[in-house]
Structure formats: C-alpha cells, structure tokens
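Protein chains in written order, with the numbering used here: chain A, 1 to 271; chain B, 272 to 588; chain C, 589 to 888.
Careful, some of the hints might be misleading.
[Unchecked claim] Using 16 angstroms as the maximum straight-line C-alpha spacing, the simulated EDC-like pairs for lysine to aspartate or glutamate come out as follows:
#1 Lys621/C x Asp379/B
#2 Lys621/C x Asp770/C
#3 Lys166/A x Asp462/B
#4 Lys259/A x Glu248/A
#5 Lys860/C x Asp399/B
[Stated by the list, open to error] Counterexamples of contact, computed for chain B against chain C with all Cβ distances above 12 angstroms:
#6 Ala283
#7 Leu357
#8 Leu367
#9 Arg425
#10 Gln449
[As the list claims (entries may be wrong)] Taking CB as the label site, the calculated pair distances span:
#11 Pro372/B x Arg90/A: 17 to 23 angstroms
#12 Trp859/C x Arg424/B: 35 to 41 angstroms
#13 Ile769/C x Arg73/A: 25 to 31 angstroms
#14 Ala438/B x Ser644/C: 55 to 61 angstroms
#15 Leu662/C x Arg73/A: 54 to 60 angstroms
#16 Ala749/C x Gly126/A: 54 to 60 angstroms
#17 Asp780/C x Ala438/B: 53 to 59 angstroms
#18 Asn295/B x Ala723/C: 55 to 61 angstroms
#19 Arg415/B x Val716/C: 42 to 48 angstroms
#20 Glu591/C x Asn417/B: 51 to 57 angstroms
#21 Pro372/B x Ala762/C: 36 to 42 angstroms
#22 Ile769/C x Pro372/B: 25 to 31 angstroms
Everything labelled a hint here was simulated from the structure, so no lab data went into it. All figures in this text were calculated on a predicted structure; none of them were measured in a lab. Positions of the beta carbon are idealized from the N, C-alpha and C atoms, including for glycine.
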Amino acid sequence: MMEAPSVVSGRPAATTTPLLTLQGLTKTFGGLTAVDAVSFVVEEGSVMGLIGPNGAGKTTVFNLITGNYRPDRGRIEFAGTSLTGLRTHRIISLGIARTFQNIRLFQRLTVLENVLAGCHYRMRGGILAALLRLPSQRREENDAMGRALKELEFVGLRQQALTLAKNLAYGDQRRLEIARALATRPRLLVLDEPAGGMNEQETEALIGLIARIRERGITILLIEHDMRLVMRACEELVVLENGGKIAEGAPEQVRRDPKVIEAYLGTEDEA
Amino acid sequence: MKHGKLFAVVLAAALLATAPLFLNAYQVDVLNSIGLYGLLALGLNLILGEAGLFNMGHAAFYAVGAYTAAILNTRYQIPILWTLPLSGLVAGVFALVVARPVVHLRGDYLLIVTIGVGEIVRIALVNDLFGMTGGANGIFGISRPNLFGIVIRRPQEFFYLIWGCVALTIFLFLRLKQSRFGRALNYLREDEVAAEGSGINTAYYKLAAFGLGAAWAGMAGTLFAAKMTIISPESFNFWESVVLFMIVILGGAGNIVGVLLAAFLVIGLPELFREFASARMLVFGLVMVVMMVFRPQGLLPAGGGRFLPATLVRGRG
Amino acid sequence: MEEFLQQLTNGLAVGGIYALIALGYTMVYGVLKLINFAHGDLFTYGAYLGLTLLTSLALTDRLGFALGMLVLVLMVMGLVAVLGAILERAAYRPLRESPRLSAVVSALGASIFLQNALMLLYGARFQVYPNILPATTLNLFGLYLPLMRVLIVLASVLMMAALYLFIQKTRIGAAIRAAAIDQGAARLMGIDVNRVILLVFLMGPALGGTAGLMVGLYYGQINFTMGWVYGMKAFTAAILGGIGNIPGAMVGGLLLGVIEALGAAYISIAWKDAIAFLVLILILIVRPTGLLGERVADKI
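Just chain A, same shape as in the assembly (with noise of 0.2 angstroms):
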C-alpha cells in the first residue's frame, strides 16, 4: 500500500548527505532585517527542526527556501543545485514540498481535488489532450487519483475524499496540507507550523505521521512551537532569534544552552 521505506528507522553516520544548504541567507523588509546570515544544512533522511520565538523569521526563512521570497544575500543549495532565482513552482517540481502557517487550502474545492495539485506538475496532459480525451490521458488522469486517494489513506482523510476542504476540522485541514505536499513525491517536506491550532490527541496523531513520512525516506524541516513534538520528532534543531542563528544541535543539547533558554525555552521548556 505505501511505497518501500528506504530508510527504516535511525541515520546511519555513513549517509549524511547535505540535502539543503543554506549558506548566509539574508533578508530585509525595508528597513527590518527579518533574516541575518542564516547558515545550516538539512541532512538527508533527517527530521530537522526551526525554532525560535515569535518574529524570529523562522517562516521567512521558508519562504525563502520555496522561493515565494528572494534572498538579498546568501545561497540555497538543493542536492547540489541553486535554488537562487528559481520560481517557487520549478522548486516544488526540484523535490521540496511545504505546507503554509496560516493553512492555505483550495477552499471551495474538495479534499481529493486539493490532493490532486500536488500531483499536477508530473502529469503531462494539456488542453488538447483534455479536449480530445484521449486514451493517454485518461489513464494519466486515472493514475493522479489513485496516488491521490493513497495519500489520503496515508494521512486518514481517505473517507473524507469528498468533502469540501473548507468543511473539514481544522486537525484535519493540516493533515489534508501534508497529503497534498507529499503528492509531489518530495525528497524534503518543510512544514510550517504543522501542530497550530491542533489539541493534544490530534498533536500525537501527528508525531506519529511525521515519523510515518520519515520512514518513507523524506527529510523533514519543520517549525513548531509545541515544544513536545519538537523533543520528540526532531532531531536536529536550530535556533533563531531576531532573524539571526544562536544554537543548532541535538535537542537534549539545545535545550541546555543557556542562550536558547534566555531567549526562548526558558518560559516554555517545562510546560
């Protein structure tokens, strides 16, 4: 039913690959400098996490990684290509998938229509072939919907395929934004905030699919502010505050360090 996990579980010290590089990113709005020398790399088959308090540029550094910003300084390197200047739908097609802060689904479309943006950019058919209906397309067509209902059935929306997306519970629009991410077939998936707004039974739901996507060989990025899933599902983290970098390292390591804490985990890290 879901495609062969090609790693397991754990990272073997032998195949930490860079798959993103971010190399002294830097982004201003007027005269606010939401970004400053953002340097870390992403390794393949990790599960890396963003954290920092609010305002600390953490989803303008996503932004910039999807390409729905420029940078002003700095480079974005992605399994060896540059991802500078590129638009964010060759990105997308590159092997990044995201989800958005503030959820953005296609509202008035239905969950399985929503999933089936993500597959668009690796079908082929154009006008012509929807105007003559033609065989070729309509096995392409067929294919997206199976890959489509397969990923609903990943994420547990597959009932739902139906329903409006603006009709689903809040939980499950974010859910239904991982499925329609992880249709692009990505090599890295950036979640932005993928536990706001969910209660503690859906937050666990979650950390079990974020391990799920990990087994499928996917890196993972991701801001959170639920300090529990970060603990648990990242391991890796980088701090930012004020737009700028102050610790990166194991979480246990992170939550140690006593710029972290003033800064940011001081007030939560009990909770």
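Take the given structure of chain A and dock chains B and C to it, following the hints.
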C-alpha cells in the same frame, strides 16, 4: 449529476432545439443574441470564473476576432466561416501579448488594466488603425456564411449555427473542466500562492486561460460579423465587457449551466420588458449590488468535485 | 512657446480636476483597499447638482459671483458627500468582510445604477451650463489665459492644500492615516474605524463633486456618462502617484493632466483618451506602487 437535474437540462435543451419552430423571427433573433453572449461568457468564464482573473476587457478580444474576420472577408474574399480559426488565433495571440506583462497584477489592478486595454482597442478601431478598420463607421458588406452550400441568412438558420457552436463549446469546456488543465485554473482561483507552492506554474496557466478565453471571444466575433454583415467600434465598447462580466458573476463563476442561465436572464429578460428598456441598466446595477450583498456566489455557484467520478473514489479502499 | 504654455496651463486645470477626483479614490483605497468604481459617478452628480442649483437658485445673480460661487460649492460638496455616505452604507459596508471580488462587483453595480438613474432623471443628451462668467482672459506676464482656467487651478490647489493640512495636522487626519496603515492596529489604539471610513466617504465625494462642478463650468457641457472616463483617468492619476498616498494623488493628477494636454496637442488629439490608459498600463508594469508609493511585501 442527479436525475432531476439531468432531466431539467435535457428538457431545456430539447425546448431550445425546437424553439425556432414555434417562435417568430424576432424572438429567434433574441435567442441568437443570447447564444452569442453565452459563447462570449463561456470564454470569459474560463478567465474570470475558472481561473479567477478579473478581466473586464473581454470585448477587446471579441472586437479583434470580429475585425479579423471582417477584414479577411471583405478584403481578401475569404468565406466568413473559414476565418473562424484564424480570428480565434489572432484574438488569442493578441490576448497573450497584452496579458503577458500585466497578468501577475493583483485582482483589481488587473481589472483596471483590462478596462484600459478594452478602451485602447476601441479607440484604435475608431482611429482607423492601419487604415483597415474603417474608423467610426466600421466595416460593412461582410458576406453571409455558407455552410455546405446553404447560405445562412434568416434568424432561424443563424440560430442553429450559433447554438451549435454553444453546444460544441459546452461539450469541450466540460471536458476541460474535468482535466488537469481545468483543475489548475481552479487552484489558481482558490489560492495562487498554494497553487504555485504545489508545483503549478501559475504564470503559464494565467496566460493559457487568457489565451483560450480570448480565442473563444474571437471566434464569437466571427459569428457576430457574419450575423450583422456590418461591424463598428461601438459594438465593442466598455459596457459589453461589463455585461459579460456580470453574466459570469451572476451565473456563479465557474459554472457552465449557471453562466448560460445568466445569459438568458441578462440578455433575454430586458427583451420581455421592452417598455422599460431605458431602465434596463439601472436594474442591472441594482441587481449587481443586491446580488453581492445577499448571494455573492451567484445563481449556481461552482463547487468542487461536481464532475469527479464518484464510483472511482468509492470503488477502492 | 505661447502654444506650449497655453497647453501647459490647460493641462494643469484638467490635472487639478483629476487630482480632486483622484483624492477620493486614493483615500477610500487607503482605508478599505477597495476601488470605489462609483466615485466617478459621484463626480458626475456634482456636475448635475451644480447645474440644477445654479439654474434654479440663481445664486450668482443674487449673491454676486464670488459669494454665490462659494455657497454653490459648499452645497454641492455637502450633497455629494451625503450621497457618498449613502453609497458606503448601501453597497460597501455589507461587504466589508466579503471577498474582494464581491466588493468590486458591488462597486461596479453601484456605478451603473447611479449613472442610469441620472440618465432617467435628466435624459441622455448633453446638458449645458449657463455662462456665469464673461469670457474674459487674464493677462499673466504677457500670457492671456481664460479666467475660468485660472480660477480652477487656484481652487483645486487651495482645496488640495486644505485637505493636506487637515490630514497632516488634525487628530482626525491622524486617525485616517493610522487606519490606512493598519486597520486592526488603529482599532486597538481606540480609533473608531467605522467613523474613519464614513469620513473618507464624505470627504472624497465632496472633493469629487466639486471637480464635477468645475468641469461643468470649464467646458460648459456635461453628460451622464462622463464620470467613467474622468473616473478612469483620475484613478490612473491615483495609481501614478501611488495609490493610498494623498500627496501622490495630487501630483499624479496634475502630471496626468499635463501629459494628456501636451500629448493631445503634440501627438494626436484623436488618441487623447488612449494616452491616459497607456500611462496607466505602463505604470502598472514598470512601477505598480506609483511615483510616491512604497513597496510592501505580500504576507504569505
């Protein structure tokens, strides 16, 4: 589709197909107008309804098509219906060229720019561009269409030509709607950032919507030129664009049946109340405001999943 | 040179009129992010109301030119302002939370309604303004300018200066500026945003209505459809200066008036109306934020 709805559509189609048998020439002519507007509105629906791009200069593409047909016919004696593909092509290419630099503009800005394009085209026609458009008087003496040896002249004959085109358009556009292309336009309408972020080349689809919608307007322009045998810039003024815009919004942007229904209401209803003809636009305006306040989604709103094969979805799992 | 200066001053007069209308677009856009399509029609209402008041009350005969004119302007301003407030209430307020498209369509509908109501009331033909000012010319450094042209330039500059001071120096002006920057924050600061919006819909139409009166007086004839051409041009002026930016609307208006007058004189009169649209399209392609506008990043 549910049975009741299917029945209603079949009944309406049958009624329409036999209409020339029991209506007089004037009434059939009204139906022809409705058909032409329906054709134009279905093209605009691709741009405005499916892709959500605020185009209020659709009359410009209509004009480009009509003038292309008229010039080819009167100057080069090309049979009018033969110009159909070419006037569609010229209008489509024109739309691509015009839309290319502005299509990224946000909603209401695009609206203003398309109004501007419509006006520039009209002014260009009035000023006898290239010495070929005949200035304010336009072009006359366009020959009657000849289909398989039958000269189409009477309203009843035009009825079948125009509504045949409408039927073909519905058939083709329904297929388009159910395809990757059609879905991409909808993603664009719903959320451009999310569409691009799902790997969809939004710039391409915006242009494609414009090109295809305009090509349809261009072909409708050919039919218009053939029907009137005389065209002038005033047939393609700003209000034509407004009326088309309104038909699409009123019908429920993105819904083919709704758009056709709206064409009947907007073009047909005023004919029933001819004594109030001068108040027609007044009522239009009022309806637009009231509609937006109480039913902004249109008469028959577009919804997701309408045409998805439900059996496939339930069949697996 | 003489010809050039004549065209330049003519452009300034027309530009002043554009600027007055543009202010209404830019203020509404600043606060509501809405193109008030019916604004051009409120301008037309100013012209028609001015005509009716002028002929029925004979103000200039009774009160003399200066005082009569002042009273006339104030009456037109007041009446069109009330129309603007009604428009906001009926066509825009119910749609404050709706998608953009709904408000745009409603605005267009309101425009069509207003225009055709005027046609039903006055008829479709051009209406002629009475000649209240003898066709005198004013000698300005050896240049003979029509008196009405000079008066219009002066009046529009005066009104713009007054508005600018009002926006910059008063508490209410500060509230309008605050609401334009961030409605939510303005609300948190205790600003009654609804009142700001109402105010904007009173002030913009008042200025636009006066511009309508000026057109009637300057050209001598008016038509119920003129609002949309003037409206489109004034909107172009607002974009040219940077939409939402009040000094921008003034600069944009004057600039567009001059461009158009010179273009008509030295390029082609037949393409006069196309010039403004070309400017509009070019500015949106090259610098959509306008001359004085600031670039803001879209929030994702």
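Here is how each hint holds up against the structure:
no.	hint	verdict
1	Lys621/C x Asp379/B	holds (10 angstroms)
2	Lys621/C x Asp770/C	holds (11 angstroms)
3	Lys166/A x Asp462/B	holds (13 angstroms)
4	Lys259/A x Glu248/A	holds (11 angstroms)
5	Lys860/C x Asp399/B	holds (15 angstroms)
6	Ala283	holds (27 angstroms)
7	Leu357	holds (26 angstroms)
8	Leu367	holds (15 angstroms)
9	Arg425	holds (33 angstroms)
10	Gln449	holds (24 angstroms)
11	Pro372/B x Arg90/A: 17 to 23 angstroms	holds (21 angstroms)
12	Trp859/C x Arg424/B: 35 to 41 angstroms	holds (39 angstroms)
13	Ile769/C x Arg73/A: 25 to 31 angstroms	holds (29 angstroms)
14	Ala438/B x Ser644/C: 55 to 61 angstroms	holds (57 angstroms)
15	Leu662/C x Arg73/A: 54 to 60 angstroms	holds (57 angstroms)
16	Ala749/C x Gly126/A: 54 to 60 angstroms	holds (58 angstroms)
17	Asp780/C x Ala438/B: 53 to 59 angstroms	holds (56 angstroms)
18	Asn295/B x Ala723/C: 55 to 61 angstroms	holds (57 angstroms)
19	Arg415/B x Val716/C: 42 to 48 angstroms	holds (45 angstroms)
20	Glu591/C x Asn417/B: 51 to 57 angstroms	holds (56 angstroms)
21	Pro372/B x Ala762/C: 36 to 42 angstroms	holds (38 angstroms)
22	Ile769/C x Pro372/B: 25 to 31 angstroms	holds (30 angstroms)
Checked against the numbered hints listed earlier, the structure breaks none of them; every hint is satisfied.
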